[in-house]
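Enquirer: Protein chains in written order, with the numbering used here: chain A, 1 to 482; chain P, 483 to 894.
Please keep in mind that the hints were generated in silico from the structure rather than gathered at the bench. All C-beta atoms in this analysis are idealised placements derived from N, C-alpha and C, irrespective of residue type, glycine included. Hints are supplied without guarantee of correctness; some may be wrong.
[Claimed, not checked] Quick look at which bits of chain P chain A covers, simulated, 3 or more residues with Cβ under 8 Å:
no.: 1; segment: 594-606
no.: 2; segment: 660-669
no.: 3; segment: 783-792
no.: 4; segment: 833-843
[To be verified] No more than 30 Å apart at the CA atoms, straight line, and that leaves these computed lysine-lysine pairs for DSSO-like:
no.: 5; chain 1: P; residue 1: Lys729; chain 2: A; residue 2: Lys13
no.: 6; chain 1: P; residue 1: Lys551; chain 2: A; residue 2: Lys465
no.: 7; chain 1: P; residue 1: Lys698; chain 2: A; residue 2: Lys389
no.: 8; chain 1: A; residue 1: Lys169; chain 2: A; residue 2: Lys145
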Amino acid sequence: MNGAHPLQEKKRKKSIKEISPIDVYKLLPKTNCGECRESNCMAFATRVVNGELTITDCPPLLTNEHHEARTELADLLAPPVRVVTIGKDDHSIAIGGKYVLQRHEFTYHNPPPVAIDVHDLMPEAELLDRVRQIEQFSYNYIGRKLVLNAIAIRSTSHDPSVFRQAVKKIAEISQYPVILCSFDPAVMEAGLSEIPASHPLMYAATRENWKSMAELSLKYHAPLAVFAPNDLSLMRSLTKTLHMSGVSDLVLDPGTFAENGLPDTISNFSLIRTQACRDHDELFGFPILGAPIAVWAGEEISEEVLKWREAITASMLLSRYADLLIMHSLDGWVLLPQLIWRFNLYTDPRKPVSVEAGVKIFGKPDRDSPVLMTTNYALTYFTVESDIKTANLDCYLVVVDTGGISVESAVAGRIFTAESIASSLKAYDIKSLVNHTTLIIPGLAARISGETEDISGWHILVGPKDSSGLLHYIREHWPPEA
Amino acid sequence: MVAQKNHKNQLIHEQLLTLAPQLLELLKGVQQVELENFAMDIGNLELFIPMGRTTDALDTVSNPNKPVKPTQLIPDHFVPHITEYPGKIREVTLGATKSNGGTRGSTITIGGSTAPAFTDFSHPLVHPPAIALDVFDMPVNLPKVLKEHVQEVMGDPAEWARMNVKKFGADIVTIHLMSTDPLIHNTSPAQAAKTVEEILQAVDVPLIIGGCGDPKKDADVFTKVAEMADGERLLLNSVTLDMVEAKTLERVATAARDHGHLVLAFTGLELNNAKELNRRLYEYIPPERIVMDLTTVALGYGLEYSFSIHERARHAALMGDTELAHPVISASTNAWAAREAWMQMAPEYGPRELRGPIWETINAITLLLAGIDIYMMMHPAAVLTLRDIINRLGTTGHVSSDRIDDWVSVRV
């Protein structure tokens, strides 16, 4: 890091969409050795271009013999937005690394970490409690654990020794990556010297302090945020100057302005990212930092209103190119939508929305166990699956092919119909699995229950509208009365 | 300067490069460019008009062999890269006043975009997105947090519509004729038309007419309503490819055309289907009478598919795909399908009184960035916030001079 890799490349780089498997293949060892577990080098190249594998997955390429090819490949495949790493090696987080402006063009990489703030004048007990809360916040979403990722330590004391103490206390109890926040180089150095090998993100270099901050960044090998509020010319001056000073792990903060400044904020973020991805503008080819926490420095109004504003600002910045967020609210209703939206936005848009239709078996069902039904829309399926598992139900789940459409839409769109239910029951030979002919359909398909009974010949029970009610429902209704 | 994606076309490319400096000279200080006598093939065409020097910023200073650390800030400046697109979203007007054959007190025009929403402020909004609030023609099950705002008017569609306009500031009212569903109350088309008539009398904003989803019954209902409300420029929600299969599309589209209404073309997250449905509709009704519903899915249940489909559709339309150059609607009420919006959860996730409305708000705002032109909404707090954001997002240059870096040292 921080080596002044020349930025002055003349030739326009190919975008990830223009790179073909052949471009990659040409630079591979071409031995078809299979060490990458692909059948041949061409197959490997294809998966690299699709973003499914990286060149480090090819062991021969890592040998000295292929050093030159590896460098060339790394250049070819380098994203227009650099990757910057924050934190100690095994607890580090990567930010940036974006290849495209719009998600559907490829896939967004490196979901933006959410950092929550603490400050150095907090009483010790409060500080430690807040760190614990940050680390413990989690939400189980379709089988994934969504969590917060970093701690931003702010200096409200403006006193180097007070800041150093706070950094020390946090380092003692937490391995989370850290962002040190102060515009005073003396305060910054006090914090850095306490955790010299942790690569915290330094926040931030400005027009006034850039020289000292650049020296600290080099001395402590710490990435550096650049703060140029609503002034993209200044941003360019700073990134250019810092790069010339030898600092190349930069993070851009054009300022997060809420309320009246919101459009300018969205505009600045968009202009930076557009120029990086469409024009390969290297002065803007760095991760962007969003600071929804800034709403707390504005007018004094009720906390609830500020939290509402912070939630809205954060979600907009997630959609508009933020690679890292610093927030203040620890409230679930503020954070939940951010963590879920981040997870969703960073999924691969090329993956199908549906899961395979068929019969899924949960627990150890016997011939008297309930038969449930849902559609093959991935999110519906995973929700039902997670609820069945949480409830420890022994049952069969018939997954009907609705082309990846949810229950409600599939009923409205006449895809999930009495006929399609009857034919699924037949196709998967459900009769052979159980000794009864009672089927529980989703509550959202209630209106077709009568028809389904007529056409399928099965006795239909209308289940809960939401699968979170399944356990309760089964307790009340199963086994059905004769 | 027209640059073709086809890289083999080096010759043209080089000619353009030699022209570039002159073009740039001509364009100095120009904010808008009109192209006269201009025709092009709508294919994979990208139109870039740089509004000045695009810098290869480090050329002048970077010399890796001789690293000299700067002692002064090296000046640089930023010139935004403005993209001009060949396409434009059609403008569609909902509602008709007396002078235009209707009885509405006001009309709402949507669409007209010439660039992706809110990403390029040299292309300000042509028409701000409009907000329609829902009314149901029968008592319905709603999440508790939504119900408490409308409980008193449930079962009285006209009163509900009045409240949406007066109390919650709806630009448009949507009446969902849910009771017409053959599997619910199978209300007759005549009765449905009467409900619509009552709402037309209760409020003077434009209306959206929601059917039950049955392609045959909806056709009967829409045809009847279209006749009754001749000239009102209602938006019929919706026409579908199922209507093609049920052979009812022609009847509905023709009724809409003959009686001066609009249709909402609904498809499920699939642009080829959206284009096909529009092509079918062009046979019967002018394109300026079509709005698209590409499907809005709840946050946590596939909002990302809605987000990307809207970004793709808008980009394709602006690049010249006229079959997608229609304004789009989003039912952000669908956000309430997410259990995180309505369910009681552990205390660390906060009360549903806040989780619900923030869910609908974020659902709406996310798609606002992707280019939505009309919303169908319900929760008053979500409506207020969205309206506030729409008003602000229209113009830049209002950054307050306050020191926003105060967040670093503020004691909260």
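Enquirer: Each hint: holds or not?
Expert: Here's how the hints hold up against the structure:
| no. | hint | verdict |
| --- | --- | --- |
| 1 | 594-606 | holds (count 4) |
| 2 | 660-669 | holds (count 3) |
| 3 | 783-792 | holds (count 7) |
| 4 | 833-843 | holds (count 6) |
| 5 | P:Lys729 - A:Lys13 | 52 Å, violated |
| 6 | P:Lys551 - A:Lys465 | 66 Å, violated |
| 7 | P:Lys698 - A:Lys389 | 41 Å, violated |
| 8 | A:Lys169 - A:Lys145 | 27 Å, holds |
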